[in-house]
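Colleague: Protein chains in written order, with the numbering used here: chain A, 1 to 401; chain B, 1 to 401; chain C, 1 to 401; chain D, 1 to 401.
Read the hints as simulated data drawn from the structure, not as lab findings.
Where hints are given, some of them may not hold.
[Unchecked claim] Result set (DSS-like, lysine-lysine): computed pairs, CA atoms no more than 27 Å apart in a straight line:
| hint | chain 1 | residue 1 | chain 2 | residue 2 |
| --- | --- | --- | --- | --- |
| 1 | B | Lys399 | A | Lys290 |
| 2 | D | Lys178 | C | Lys35 |
| 3 | A | Lys283 | D | Lys399 |
Number of protein chains: 4
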Amino acid sequence: MDFQHSTIAEGYVKRMTQFVRERILPVEEAILSEKKEYGADWKNWPLDERLEALKQQAKAEGLWNLFLPEISGLSHTDYAVLAEITGLSLLAPEIFNCNAPDTGNMELLWKYGSEAQKQQWLEPLLEGRIRSAFCMTEPEVASSDPTNLRATIVQDGDHVVLNGRKWWSTGLGHPNCKLLIFMGLSNPTAHKYLQHSMVLVDVATPGVHIERMLPVFGAYDAPYGHGQVMFDQVRVPVANVIGGLGRGFEIAQGRLGPGRVHHCMRLVGAAERALELLIQRGKSRNAFGKPLLQLNGNRDLVAQARMDIEMIRLLVLKTAWLLDTVGIMGALSEVSQIKVACPTVAARIIDQAIQMHGGEGLSDNTPLAAMYAYARILRLADGPDEVHRGVVASRELKKYE
Amino acid sequence: MDFQHSTIAEGYVKRMTQFVRERILPVEEAILSEKKEYGADWKNWPLDERLEALKQQAKAEGLWNLFLPEISGLSHTDYAVLAEITGLSLLAPEIFNCNAPDTGNMELLWKYGSEAQKQQWLEPLLEGRIRSAFCMTEPEVASSDPTNLRATIVQDGDHVVLNGRKWWSTGLGHPNCKLLIFMGLSNPTAHKYLQHSMVLVDVATPGVHIERMLPVFGAYDAPYGHGQVMFDQVRVPVANVIGGLGRGFEIAQGRLGPGRVHHCMRLVGAAERALELLIQRGKSRNAFGKPLLQLNGNRDLVAQARMDIEMIRLLVLKTAWLLDTVGIMGALSEVSQIKVACPTVAARIIDQAIQMHGGEGLSDNTPLAAMYAYARILRLADGPDEVHRGVVASRELKKYE
Amino acid sequence: MDFQHSTIAEGYVKRMTQFVRERILPVEEAILSEKKEYGADWKNWPLDERLEALKQQAKAEGLWNLFLPEISGLSHTDYAVLAEITGLSLLAPEIFNCNAPDTGNMELLWKYGSEAQKQQWLEPLLEGRIRSAFCMTEPEVASSDPTNLRATIVQDGDHVVLNGRKWWSTGLGHPNCKLLIFMGLSNPTAHKYLQHSMVLVDVATPGVHIERMLPVFGAYDAPYGHGQVMFDQVRVPVANVIGGLGRGFEIAQGRLGPGRVHHCMRLVGAAERALELLIQRGKSRNAFGKPLLQLNGNRDLVAQARMDIEMIRLLVLKTAWLLDTVGIMGALSEVSQIKVACPTVAARIIDQAIQMHGGEGLSDNTPLAAMYAYARILRLADGPDEVHRGVVASRELKKYE
Amino acid sequence: MDFQHSTIAEGYVKRMTQFVRERILPVEEAILSEKKEYGADWKNWPLDERLEALKQQAKAEGLWNLFLPEISGLSHTDYAVLAEITGLSLLAPEIFNCNAPDTGNMELLWKYGSEAQKQQWLEPLLEGRIRSAFCMTEPEVASSDPTNLRATIVQDGDHVVLNGRKWWSTGLGHPNCKLLIFMGLSNPTAHKYLQHSMVLVDVATPGVHIERMLPVFGAYDAPYGHGQVMFDQVRVPVANVIGGLGRGFEIAQGRLGPGRVHHCMRLVGAAERALELLIQRGKSRNAFGKPLLQLNGNRDLVAQARMDIEMIRLLVLKTAWLLDTVGIMGALSEVSQIKVACPTVAARIIDQAIQMHGGEGLSDNTPLAAMYAYARILRLADGPDEVHRGVVASRELKKYE
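Hey, can you work out the whole structure from these sequences and the hints?
Modeller: Below is the structure:
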């Protein structure tokens, strides 16, 4: 178990940390202070020029696409520590072209895409010129059990016709979102893990109706958004199917391992940031004649947060190391373990930081409320806690058979 | 300890339950399904005609102002069970003219207001023609320790001049909000509990600048809103001071006991509603071949929720009974106990109901996300958990002196 | 919901509180300080003369058999508050002739016993001359599901023959234990709730082999003990069957409702005592220049303990009130609720009191370690938490059918 | 962060695992089944010949004294994984001559002992011929703040005279316990961390009165015992002082880092064993027609236990790695982190395993009750949770100065 990242990664660690702390956090503070509102009217969500400028800087400085091992040459263990740094601010991942779901979509195109698919979609994604969404979850069924998915893909000559409603398609509200990856039932009579396919869909294709962005506790996670979208007799060429009909589950599985490591390390970063804010507030605000940190069990909160952050970080690093050394099939339990442990711990620490800020912590004065929503949604997205606990239990019990 | 409500109250219980379930919940469902947005632009928040109509019905049917013992003839124990019913929907309290902070403000005017003050402000409030806000919390200081409050009230002849910034003034965004009750430092050299005063301020007074509504996790709790407001050299007649200069703390104290019982019983109602939604979802949605309720420890969640709801309800009823029998000074520990216990339990059960709904639970498809914000904010509003635990501990330790 | 105990009960409250605090607690302290050991060698467990003397006093003063409504004239609500007082010391229940399982056994004989049975067994039990045990749980099967019980009762003319091993028969080690109530399978082909019977067995009957007392975390709960006992071809007259063959479940059910209320109220008393000890220690012991209570979040522990004790007490009182007003069939959920909530809360508070005492808390210098064992065992005895949560969930879900 | 143990350690892992599982666990089972009692009468605690034989085997096979880097050549990281294996059974540590407090005492003698001290005491300890105790904690003061210690060491010519009562001296009841290390106040006017000294005392020295063994929840942890011992004018040569007068704290500090890693890794092993027993019981015992593991949220318990064990193990390994790479002064926070996290997690999992076993789990039929006591006592021994949380918080807050 060697979790030490490489010296190359160490260079990135220093540069990204500096980039986030010196360039992104000040912009974050400026943006929060402007109290601009991004409500349900997603079609009018503007791009922020400051962020666009930071993206160009990151790209120019080579802090770009580091998530993709084939480009960056970094191992999962290496990238994990970088993902943590991007978790310090919700603005950071996009700036480094490392935000979900684009990362997973790019990885998927890299691995399973045809040359034509790569040329048309992967290149502009890697350049950050366009963005993408992943359309899997459906409102009508418990998508935690993906064999429930009902949206359909029917071949009609050299086209496929897509039908069905999808939601929680993150990134769909972004002004630059051009590509949708649609997952649906194409081979209903095959084995249950061979029934689904993934299809590339240009967002401008007739029949694609974006119905709305979904709020999380009332906030829209702009400019990304979590979209609800109807596919109504959407026709695209068969050549848009990824890897061939019936391979949807296989491709989804490969996509989720590294993606969960990324999410979880970002949560570690978010938890670190929350602890930082908690301590700064606790030191600077006084009540009853003392700094808040000296009251009640607040120092114990700090201690418990430190312990728990250390533990979830180590667990994610171990998982990344397993992906590097034995691959996803040897890390199924660990991937599910981190998917349960990290959002729970991060949400609790963020919530405690909110409490330390008083009402301000719930408002948009600090990044905490949005961070809480991020941590909370990850108890559901990419599989709810319940499903992941089930995976961990079932891997454990297998040892006794 | 006789928590049984009176037979008069029992009549109200039946009628209010029916009113909420048959008339309010269907409107709530309709409103949620319309996905209308109430963003930061609070000046354009419309009144909903359906709710206005329901208010008229409630008024006509005598389900109106029941919170005020002097009008309704109900004890605190009696009203507590009604407050629980109003907690089933976030729309209900206003419809019965029983929502915070108007309830507290009316009570305060009833008890401490001069005849002129009553005529000008209490009557229209009781009729539901206007609404009000309570301006106490300040951004710059830890208002959990109210001796920190810095906003000033300076007498200038037969006027007082008010200065200072306030926030978390709930209800300030409502189109009908006309009255502000301002708390500030008027007698800075007096004993620390005799330094503050409360002043009635018409929202249209020059110098009152409403700066914005504060979001909670990004949502604005429209059409009420939590306002941030600047008082800049606001001049009002000395006659607008409530009960005389220096009585601010005394009045605030009397206001908070019943108000906390109301909040807490509404949370009991919210927890009941969340459990109901959790069970309905858990019975009707299937995954892995079974209703969700049959999976994992979900039945245990139901059992634990039932126990915890029973326990917090009983604790609030005991507190109400103490208010009825020995008054607020004999119920200080209990009032603080419920203020800690109820939001914690309600927030947990609502969160579990969200989890059972999957992503939908976080969206605006159900009342759960807004209920969560209500429960969460009550861990801070009217005194944070930390302060109330301190009260309970200090009352307990007094027994050993 | 009127939980107020009667004025008669109020008289007992005063006298019993005084009795416990002035006479029992000093003896408890003396006994603890003597460090006498009661190990596995149960046959040599002596009676303590001081306790015998206190029993005589309690009997003489009418503080005797108050658990039995038919004798004491007290309601369940009345007795509940007395049971709490007996929970302040593990020595108290026997002194008032109110300890399990004798209470349940006496109640059972009172309700279902024949005249001859009453004369032979109930009278000496009521006089405190003999003691008894209840032999239900079996080592070989999950007795949480009582339909699993395998010990057999076979009729042979005017006798029944009993076979099977029982354990966790509390009280079996007491020098005065004379009566065993044996539950076994008598009618294996009947409906599953009509297959079992209860039989009265003199402990001296041939074939009754007491194998040992079972330790709980290494302690023997002397002089009561939790016995393991083999019934090997034990012959007793058919007249020893209680209420007729096949009525075992029916009788067991009636026995458990009040018994659980007693256990739970004793736990409330134990939690109160633990909180008292926690506070006294926290005030008197110093570290780092301050009393322990002023360190860390220790005051928050006190506050949380106070809240939780209030809540479990109210829940038990409500359950007692339901037993009084609607009977056991209307209180099934509540009886199970308290059976889960009380041991959990009491065990946590006792554990915190132990922590406040440092290593001493784990030793036999204070009553805390033994109290912890009592609370812990009640998460299993009379049905494990899991079964009771199941009852609560299933009663809750019935509302939705 | 390279936690991988060496290939030499890997060889020990295999051999020790096999030794524990094939030779120690069967003896453990046999001993448990014999129900021999080791009560308060510690002077008659016998040695078990089977264990003595296993010790000889372990010694002969080189599985001996592996805790001491200077002998074994193992790093802390290497030994940590071995300590986990010794945690699988409470009998194992002594068999490998690796149990507390002898390990710490030997280490201390190795580092600070004079040649004469080493020859007299270290050699027989390393050979397992004698055993030792560490006499630090005092009944009269909160020893969590070691500056409170009051026992005295007064120089009198070429002797020192020791006075004071100590308790929780683990191992003092062992028939072979010969050496006591006494910590006391020798230089009361020096700086507060230079006031104490450690002195070697033969248990047979006049004035050493072993008063009793202290039970933990009623059990004596035989044949080790936790002793209470009076030092009454005990005279020993000055040459028995370790490292010179006034160095007590310095020596204690160095002693505790590795010792805590050992305790914590043993707890990881204990947690693994408890999970194993939980699963085996849950699979083999049926209720309501199903194996217990299929009921309620029992599979979730398994999943949570697996996650938590992984996390505490990684945290201990990181701490060991820090000890190896930067030494104790760079690992102060981590040493305190594991000291809080490991006993808490282990105690919870052991408690859940007890619950899965029903009443049997609390008895002496399984190793669980004794393991629970071990985990529970470690929330107090070597510094209570509260003190360690304080260390973690204070190291964290230092970053902000």
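Colleague: Give a verdict on every hint.
Modeller: These are the hints, each one checked on the structure:
1. Lys399(B) to Lys290(A): 26 Å, holds
2. Lys178(D) to Lys35(C): The hint holds at about 25 Å.
3. Lys283(A) to Lys399(D): 12 Å, holds
In this structure, every one of the numbered hints holds.
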